[in-house]
Structures are given as C-alpha cells and as structure tokens.
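**Student:** Residue strings, one per chain:
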Amino acid sequence: MRRLTRTSITTLAAMVLLTDVSGATDFDYAKLEKGRALVDAGDCVACHTQDKAKPFAGGRAIPTPFGTIYSANITPDRDTGIGAWTADDFYRAMHEGVGPHGERLYPAFPYPYFTRMSRDDVEAVHAYLMSLDPVSNTPPPNELIWPLNIRTFMAGWNMLFFNKGTYQPDPNKSAEWNRGAYLVEGPGHCGACHTPKNIFGADKASKALQGGVIQDWTAPNLTAQTSEGLGGWSEADIAEYLKTGRNRLSGATGLMAEVVVNSTSKMSDADLKAIAVYLKDVGPSSAPSVSAPAQNFMQAGEAVYRDSCAACHQGNGTGVPHMFPPLQGNAMVQQADPTTVLRIILEGAKTAATAQRPTTSAMPAYGWKLDDQQIAAVATYVRNSWGNKAGPVASDMVSRMRGAINARKAAPQTVGTGARVDAQQSH
Amino acid sequence: MPLALNRRHLLSTGVAAGAAAVINPPISQGHEVSGKVPWSAGDANTPEFTRSGDYQFLTAAEVAFLDAAVARLIPADDLGPGAKEAGATFFIDHQLAGPYGQAAHWYMQGPWASGEKTQGYQSRMTPAELYRAAIKAVDEHCRSTLGGREFTALSPDEQDKVLSGLEKGEIKLANIDAQTFFDALLQNTIEGYFSDPIYGGNRDMVGWKLIGFPGARYDYRDYVSRHNEKLAFEPVGITGRPGWNPAKS
Amino acid sequence: MVKKLPPVDVVLVGFGWTGAILGQELTDAGLNVVAIERGGWRDTPTDFAVTFAQDELRYYYRQALFQEPVRETLTFRNSPDQTALPMRRLGSFLPGTGVGGAGIHWNGQTWRFLPSDFAALRHNTERYGAQAIPETMTIQDWPVGYDELEPYYDRFEYLCGISGKAGNLNGQIVEGGNPFEGARRRDYPNPPMQMVYGPTLFGAAAKELGYHPFPAPSANMSRAYTNPLGVTLAPCTYCGFCEKYGCGNYSKSSPQTTVIPVLLRKDNFELRTNSEVLRVNRDSSGKRATGVTYVDIQGQEYEQPAEIVILCAYILHNVHLLLVSGIGTPYDARSGEGTVGRNYAYQIVSGVNAFFDDKLFNPYIGAGALGIVIDDFNGDNFDHAGKGFIGGGYLACWNTNGRPIENSPTPENTPKWGAKWKSAVAKNYLRTASVSTHGAVMSHRNNYLDLDPTYRNAYGQPLLRMTFDYTDNEMKMSEFLTERAADLARAMKPREIRINARKGHYSIVPYQTTHNTGGTVMGDNPRDSVINRYLQSWDVPNLFVMGAGAFPQNPGYNPTGTVGALTYWTAEAIRSQYLKNPGPLVQA
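Protein chains in written order, with the numbering used here: chain A, 1 to 427; chain B, 1 to 249; chain C, 1 to 588.
Certain hints may be false.
Pulled from the structure, derived: some chain B residues nowhere near chain A, Cβ distances all over 12 Å [unchecked claim]:
#1 Ala104
#2 Gln122
#3 Pro156
Simulated crosslink set (PhoX-like; lysine-lysine; CA at most 25 Å straight-line) [as the list claims (entries may be wrong)]:
#4 Lys266/A to Lys36/B
#5 Lys359/C to Lys230/B
#6 Lys161/B to Lys117/B
#7 Lys209/B to Lys359/C
#8 Lys476/C to Lys503/C
#9 Lys54/A to Lys36/B
#10 Lys280/A to Lys204/A
#11 Lys168/B to Lys503/C
#12 Lys359/C to Lys207/C
#13 Lys409/A to Lys36/B
#14 Lys476/C to Lys117/B
#15 Lys36/B to Lys266/C
#16 Lys389/A to Lys248/B
#17 Lys503/C to Lys117/B
#18 Lys209/B to Lys416/C
#19 Lys427/C to Lys230/B
#20 Lys36/B to Lys52/A
#21 Lys230/B to Lys493/C
Computed Cβ-Cβ distance ranges for the label pairs, DEER-style [as the list claims (entries may be wrong)]:
#22 Pro191/C to Gln56/B: 47 to 53 Å
#23 Asp222/B to Gly403/A: 36 to 42 Å
#24 Gln56/B to Gly30/C: 53 to 59 Å
#25 Gly30/C to Lys389/A: 52 to 58 Å
#26 Ser114/B to Phe382/C: 39 to 45 Å
In case anyone wonders, no lab produced these hints; they're calculated from the structure.
All of these numbers come straight from a predicted model, not from anything done at the bench.
Quick reminder that beta carbons are idealized off the backbone N, C-alpha and C, glycines included.
Put together the whole structure using the sequences plus the hints.
**Tutor:** Below is the structure:
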C-alpha cells in the first residue's frame, strides 16, 4: 500500500503556520502553489529522490560520462538538506551554479537551464521546498574522475560553456510562445537530454534540441525536421503526449516515461500548449544523409518483422494509435542514433501509464529470441520501410547494445558504457 | 448487532483514516502489488529449452527401442519424414528428464487404486519410471514370445503387432498397464512430431510441413477473408526460420 | 505462530474476473480492499508475450497456465457407490491460478442466459407438466430474473468490449443476430469479428435448413477499443492460440486487459500474490466472518481481519473453502439435507467433423470465440414434447485453432497411428470443418461436491470430492443435438462426416469445458440454497460467494457472461444497500 508521499497544499499551509521554517516566514498560498507547479515542471523529484518514501531527500546516483554524481537533499533539513540556506543562497545555486559556501555545483544539476528562471519563480520554488517535511539523509560522496572531482575545475567549464542569465522574452513572438520558450529553456531543461553534448559534457549550442543519448536512451530530435523530429506532429499531438504519455504517433517509454509521469502530466494544459507552440517553431535540423540499406538485410528484416512484430505494429507499420505506436513515419525509429530502437527490441519497453491513459501496454523483450544479425536486419527494415529513411543498423552495434544492457544489469550503479558525447551516425 | 462500516469504526480499531489508509507494510513472503502494474526491462517468462544435442535420460538401448517404436507410429514414407527423422526420441528423452517425466505438477500422493477409466491416470509411476519399466517389459515380452528377439530386431509388421497389442491391452506386462504406457508413448510421439522445434522434435519443422501448419505466427488479419485459398506460409518456430537470417551477399 | 494484520474493509479471496471487478467497484466506493491470490503475478509482455505465446506443448500439454494438481486438486467418482480417486492430472476442465485466473486462458465466448433459463423449473413445468421433471432432478428457479440482470450483462459486455450483433434490441428482433436472446438495451460495443470460411459455410447451411445463424459474441476484439474505465484493447489478430493460452497483444478481454491497470493505481487497493487462503474465520457466534487465514510461500500463516469477506476463488475452491471453514451445512446425498456442495453441474458437449475434398479452411486462422452459432435448439427455444428431456444447447461452427497436436482430425475408422493415420492427417488437416454442440446439464441429487475422506492437499486439508455423471436427460438431449449437428454438417456438402457423440459415463480424462457450476447455489430461501439473490451467504451476512457456483443448474451457454453480470449485480447491492445497513439483504 502506497503511503501518501505528498500532503495536500492546505495541510502544508497549516503546517507552515504552525512551524517556524527559515526562509518561509510568511505564508503565501499562491506562492507555494506556483512553486509546486514549477517543481513539477522542473521534475526535481526525479533526480532528487532515491527512496520513494523520502521524496526530495537526494542520494540518487546520476551516471555521467565523468563518473557518478549523487543528488543533493533538498528538503528543509538543517543539517543534511537546504534548511540552513537563505533565499539568496538558493537563488545563487539555481542562477549561477554556486553553493552556499561558494562551492561550484556540477551541471548534472542543470543550472545552465535554471539560470533562465526569474527571481520570483526561483523564490517560489524555494518556498515550496522549504514547506516540505525535512528528511535527514546524507547522500553518498560523488565518484567523479580526476580532475573533475575538484569543484574549482568547474570555473573553467563555466567560462567556456555557461551562458548565465534570466530568460529575455522575444518581443516579436506571442506571449504563449515566450511562455513555452521559458519552460523549455528554463525549468523544463529539455535540452539537458535532447541537445547533443561535446566531450566536456556541455551542450553543443549550434545543435540545440537536435537529439542526444543519455543513459543508453536516445532523446530524440525536437526540431521541425520531419523524419527525426517533430515535423509530423501537431501542437495537439505534442500536448497530448506530454499530458497522457501517448498520442496517435508515439508512446513515452524509458526515461521520458518517468518525465511524463512525474512532471509533464501534472502541468497545466496552457503550459503544455505553450511548450508545443514553442517546439513547433524550432527550425528544422538539416536532413541526415543516409546510406541505402543492404537488400539481404531488408529481406531478412521483413521476414522477422512479419513473424514477430506485425501482430502489434501491423504489416503496414501503422500500429494501433494510442496503443502500439505506428512505425511508419515514426521519428524515434528514424533517429540517426538507433540506441533506443535497439534497446527496446532487446529488452522490451513499457509505455507510461497516466490517469488519462492507464493502459500499461508494453512491448516484450526480443533479446533472448533474436540474434544480433536478426535484430540488425529488422531494425534496418523498420527504419527503411513505408517511406521511412534512416541509416541501416549493423550487427556489431546490436552486440554493443547487448553488452551495455548486461553490464548495467550486473552493476546498476556504475557508469553505463552508453554514455555518449554526440548523436552518432549509425553505420 | 452488525458493526457499522464507516471510517470512525476503522479509526477506533487503530487503522488510520485518510485518503490512503495504511495497509501494513510488507511482512509476508507473498508478493505485494500496489500502485502500478509491475514490469521491469528484459523480464520474460521464456520457454525452457536446451540447444545441446546430448541425451539426458534414455540409455542407448532405450533410444534404439524408441527410435524403432516411433518409426512405426509415424513412419517415413513418400509424404515425408516420420517421427524418427523428426527427432521424436530426442524430444521424449528431454521430456522424461524434465518436470513432465518427474510428474512434478501432478498429484502423486497415495493411497493408490486402479479405479474406473473415467477416473483417469492412477499409476504411481512417473512417466520416466513408466517408460523405463515398460521398455524393459516389452522387450521381455518379445524375447519370450517371438523367438528370443527384442523389439528392435523384429520386422516392421511384427513391431506393429506388438504396438497394437499394447494399444488394445491384449499384451499383459508385469506390474505395468500396457495401455497406459502405449497411450503415453503415442501422445508423446505426436508431441515430438508437432511441437515447436525448441523442444528437440519436429526437426526442420517436418511435422508442420507435412500438414501445412505455419507454426508460431501471430497475425493472420490479412488472410481472414481469403476463403478457400491455399496460403503457402513457410513455417516458423519460436526461434525463427531460415528466412530470418540475411542471405550471404 | 499466526501473524495478525491490521484490518481492512474488504478481503477478496482470489483475483480473477470476479476479484478484479469487485476490487474496482468497491475501491470506487471508498473502501480499503485487499485481494489475496494464491498464484503469482502474470501480465501480457512478460508471461504470454507474442514472442513465445504460440507454444502448444508448454501451455496446453504441460499446462503452464493452469492450476497444478500437485498443490490442489479434487477426487472424482461418477456415483456415490464408487470410491473417489484423485484427479492426478488435469483433463476435463482447466481451472486457473495466478493473477487473472482462468480469465487469462478462456476463449472469450460471452453469453447471456435466456429469460426462461432463469425460471427453468417453473417454465418447464408449465409447458411440459410436472412429469417432465424426473424425481431425482433437482433444478430450481433462480432468485433473480433476466430483466433484473440485463443492465449488468450490459456493463460486463462493455467492460470487455464484446464483438457481436444484437438479435433483440428492446423487443425488436434484428436480422443477423440471435432472435432467441433476451431483449437487450443496446447493441454490443464492437461489431462482430470478420468471419473465416468454415463458419461462413455453416451459416449458409444453417439458413438453408431454416435456422437462424449469427456471429458468436466474442471477447476477442474486432477492433481497437477503450472501455469505460479508460483501458484500451487492441484488435485480435486471429493467431489461433487463444483458448488455453494467454493473449500476447492485448486483444482478449481479461482482468489484465480491462480492469487491473486502473485498479492497481488506487491507493486503497492492494494485491498480495503467492498467498493462499486456507479458511474463512468467524467469531464465536458463527454468524460473522472476521477475516481469513492465509499462508505464504515460506509457510508462515497470517490472519487478515476484514469487515467483508468475498470468495472469488472459482466455484471449486469457493465450495472447498466453505466446507473446510465449517460454514453452512454440507450436502448429504443420501438424506438430501444440507446445501453446501449441492446441485453441482457441468456441460455436455459433442461434435461432428466434416471432411472435404474441394475446400480449404486454413484452420490455424482462428480465435477463441470466432464462429457462427445457432440457438434454435437451446433452452426451451424448441418444442420438447415427446422428446424425453428438457434443456438444450447451441450448435456452432467454431474456428478457434489449427494447433496440430490438439486438432488433427481424421475420418471414421482411421487408425490412431501408422502410415494410414499419417496420410489421413496430411490429407484432411486443411480440409476439415466441425460443428459442435454445447449442452445444458440439469442438477441432480447425486451430482454434488463434498470433502474427501482420504486424500489431502499440500496443506493437509481434505480434497474436494466431486460426484458427477450425466443422467438420461443429458444423454438424450446430447443425442438430439448431435443429430442436428450431423444434419448441419451434411448440409455443408462434405465428402464424409464423422460423428463424435457423447457416449457412456462422464470421464475426467478428455478436455471438455471448464464450466463447473453449482455447489453454492443462489436461491430465495436457505433450505435449498447457500446464498441469496445478492450472492450473500444465508449463514454469514458479511460473506459473499461469487462465481458460477451460484447457478442452480447449468444452461446451455458458457458461464462467464453471467458470472460477470452477477458480479456487478452484487457489487451494486453491497454499495447501495449493504454499506448503508450491514446485515442480511434478504429476509429468509
């Protein structure tokens, strides 16, 4: 039986009145409510929670290319959390990536995005966090490679890659567009996954939202490019996906399923529409150049597909909307990096279940049934059929994916070999 | 007087009220499921099978006996390979070595009685014990009634007569019900001819090819309204068919 | 030492169809509900995925989804003068286990009983006279009628997404549906399935003979469907691994595909698997259930107190639980006293194969409820005068599967093995259609369930003992239906037919149906029933007993539709009546 993990705001209000909590000396229901909504949008709970019974108490292992970072305790506990921080301390952390004692924070905590947030919004977030139950929890020390384990090293990183500053609205765009931009570039920090990284783990600014790979999942291209991006999605499709976890074209799986369940499904319809408006206006990335697939792979892939995949995804790739995503025209299927495609075939995938779309449709695992060559063939087939056009997949890529999955299963806390620095062309 | 069923009552018995009344945290070794549908990546209750070609249970003599028997039950002829070629003996071997052979899922408590036919299998022997004992007993019967020859040394016609005698219960075997053995043997032979090749029989899907069964497929929507048509599917097993592998280019 | 757990509002024993529906309905009413299931968690992508569900050996012949006799079984005899012996392996019926129960491996044939079925005694007596009911036949009228249950049939059909065609819409007979059915308020939620060749031919033949063929009501989806709970099912792909198998692509209605995704999200619901309930506990008065005792895999016992106890564990286990808990008076066949275990019934089935030279049927393109049916010989839809039996059954041409081990029909006089068998199988596999009969079984004073004196289960409790045989009524009726089936088969113009009639005593060996009924019969007074019209125990008012055990006798249809309707009916009675005023809902 699940205990209540978040009490209602009204109960919180009562607690605030009765408790002297530093930093929230005056009770402001609207501010707390705004803070809660921003915390939902920022999906703070996902990284800052290790034990579901102790939300925001930190300690979750975040694998990065440079080692493992453990998230901080952001409950108002005075000794192990942020209870002793001032409002200024909190703003400096969010806006500059600097802790209360001047220590530099690592951008696994996406301050390069939170810097866009207004002072008012950050204070609301702070007020909300301070209103939670304090939980005593000291996260494990970080396990980073040298010299990154020396925080002052981050000063150089910030100089090169950190573009500090609150979001400035574009006067030529609508209020809705600006709201969407604020959410995407600020609390939503979408680019933290969806923008490819350089070898220092920083965003490749010229390739914003063109897709990335994180923890062995492909975060797809969100530009208007058709085959890999949101070109085929309407604003309504985007909003529906974020709200319910699925739409006629796709279903959220893997890390995005968590984002939907913890974050976007709780956001207001107006905010989701704003995000959709903004994303639909992001110019298309250049169309990828793709090599033609080998005929013998296409033929074998078709045989595998008809026998093993068509029962859900249909012979013509049109799937069952809201249930089994269509593969025809599917952006995830056609990502330059086929990481997610291969991972899903090997291990299966479960679509996010939300209150609106509770059906827990899941794809079964095929890794035990198909060998590397057969998986490469069927992946090549679906990426190049029904009008789809994406790079073919070779068996050694499947082998590597298999190895990465097995390594992760054996030692879940270590860095996965899937950590990537760029969305690679498949070969 | 019936107790009122309301929150106050539950409160007074110490159970917390509220939107999520507390159910005791897991203390039983049963598995607790709540909050969401369980799933984890890669989980699959896949079939158990081995790719090794070694016999696990039958002795060489028993293999020879069964090879001869299954070859009569489903012979090779111009329609195609029979049960022996399909690997039915190998299939039976693996079945006898596994839970079926051990009667692991059956009720095998006593007391034992023979009962009516309508009451079903009442032998205290597991299938593995039954086969072992019956093969011995049949050979003994053959030796003593057919000039000192074992089953494998008989002519096909003679073998058919023996099998028929077992089927009808005309041949009496010491301590074993001949019909029970024959029923099991025939059933397992047919299984060995028609089951998925992962279990060691139906080699190259010869059983399925004989009749035109497409195998482990899952989608026939495009063919539902194709009435009275010959549909030529290459049969496929759970682990695939040759067409799944890219041809050498 | 037994560990005592904090009390809950409702404990559900077993988590198949009735457990899932009640879980959903009662949590909706704000109650805290715990379901205790002896088997394990099972779900589509992990336990019967499209990657391995097509395994005839594993699922049918090695019975991977069914109850294991090594843990729980029963003893069986045809008549009281025999000694019952254990059903050591499954045969005639295939009870489920695990989350979803038999709702995972059923075929999806979903029916409503006829209005006259609910008043079998009165109706047959009125029409055919008291002498039509033999003295040892113990049929009774149901304490609830078709019209009362109609809205609940509708709810279950819409929960499941049944594919079908209405034959009687609010009194208006509709062409193409079943003209004999009771009036329904609206059509099925989904159109009928696309039909394959064999049933199509059968339908044409049936029409020629003046009968009224219609597509079988099917819980295999004819299209994608989202039910009133918001749960979505996908279209059936006619894979031919339906009945006895789990569905791999969410296209067969089951607790998993219709209810569980919504139910498990609720804070006030918890499911405990791998936990077997051993008995229902009562207070010292014996008139109030205090909860249940269950045991986990390690053998540790727990006591789960509850305000309401509901048995959802399938008719056979429900009867067993009542008997080992000492609730109610066990039925004694000799004296006729007692009610628990009384009026056990089953189904009587037969079939006719039709072999063709000039037609191809592709039998492997199948689904559990794919077929054309005629109801002209069911219930009292025809004049029984002079026939010597009451009741009837439907005739159908099903196309459920072409699984070769199970379904390789051969003509009359074909040997069971050898070259002739092989060539007969090869020749006829693609060219055979079948007509089957599915007949009612009336209750009889010598067909009953009680506890075995000798054999024990894995927990040391006595096994349930089943005493059952067909009577003259069933044999005559089945003979009649089989002849009608042969007529229909011949009308399809085959090369030859083979009649597989029901002969001799009921045998526990060959699979027939998993339609066990009775034992906890519902009635309007405690002298001849165990539960009242709301499935509430006469003896223990805070105990309800679900499932087909409620049927006073078994009509000629698959039971699940009525089981589902009765579950919704009971749920509403608990919500709107019992919770406001706990106690007996019917004065005896």
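**Student:** Hint by hint, note whether the structure agrees.
**Tutor:** Verification of the supplied hints:
1. Ala104: holds, 23 Å
2. Gln122: With a cut-off of 12 Å, Gln122/B remains clear of chain A, as the shortest Cβ separation is near 39 Å.
3. Pro156: At about 39 Å from chain A, Pro156/B clears the 12 Å cut-off, so the statement holds.
4. Lys266/A to Lys36/B: holds, 17 Å
5. Lys359/C to Lys230/B: Judged against 25 Å, a Cα distance of about 10 Å means the pair holds.
6. Lys161/B to Lys117/B: With Cα atoms ~24 Å apart, Lys161/B and Lys117/B stay inside 25 Å; holds.
7. Lys209/B to Lys359/C: Since the Cα atoms of Lys209/B and Lys359/C sit roughly 19 Å apart, the hinted pair holds (cutoff 25 Å).
8. Lys476/C to Lys503/C: holds, 11 Å
9. Lys54/A to Lys36/B: holds, 18 Å
10. Lys280/A to Lys204/A: With Cα atoms ~20 Å apart, Lys280/A and Lys204/A stay inside 25 Å; holds.
11. Lys168/B to Lys503/C: holds, 19 Å
12. Lys359/C to Lys207/C: holds, 20 Å
13. Lys409/A to Lys36/B: holds, 22 Å
14. Lys476/C to Lys117/B: The given pair, whose Cα atoms are some 22 Å apart, holds under the 25 Å limit.
15. Lys36/B to Lys266/C: Answer holds: Lys36/B to Lys266/C is near 8 Å, not above 25 Å.
16. Lys389/A to Lys248/B: Measuring from Cα to Cα gives roughly 24 Å; hence the hint holds.
17. Lys503/C to Lys117/B: Measuring from Cα to Cα gives roughly 13 Å; hence the hint holds.
18. Lys209/B to Lys416/C: Holds, at roughly 20 Å.
19. Lys427/C to Lys230/B: holds, 14 Å
20. Lys36/B to Lys52/A: It holds: about 13 Å lies between the C-alpha atoms, which stays within 25 Å.
21. Lys230/B to Lys493/C: holds, 20 Å
22. Pro191/C to Gln56/B: 47 to 53 Å: Holds - the Cβ-Cβ distance for Pro191/C and Gln56/B, about 51 Å, lies within 47 to 53 Å.
23. Asp222/B to Gly403/A: 36 to 42 Å: For Asp222/B and Gly403/A the Cβ distance comes to about 38 Å; the hint holds.
24. Gln56/B to Gly30/C: 53 to 59 Å: holds, 57 Å
25. Gly30/C to Lys389/A: 52 to 58 Å: holds, 54 Å
26. Ser114/B to Phe382/C: 39 to 45 Å: Given about 43 Å between the Cβ atoms, the range holds.
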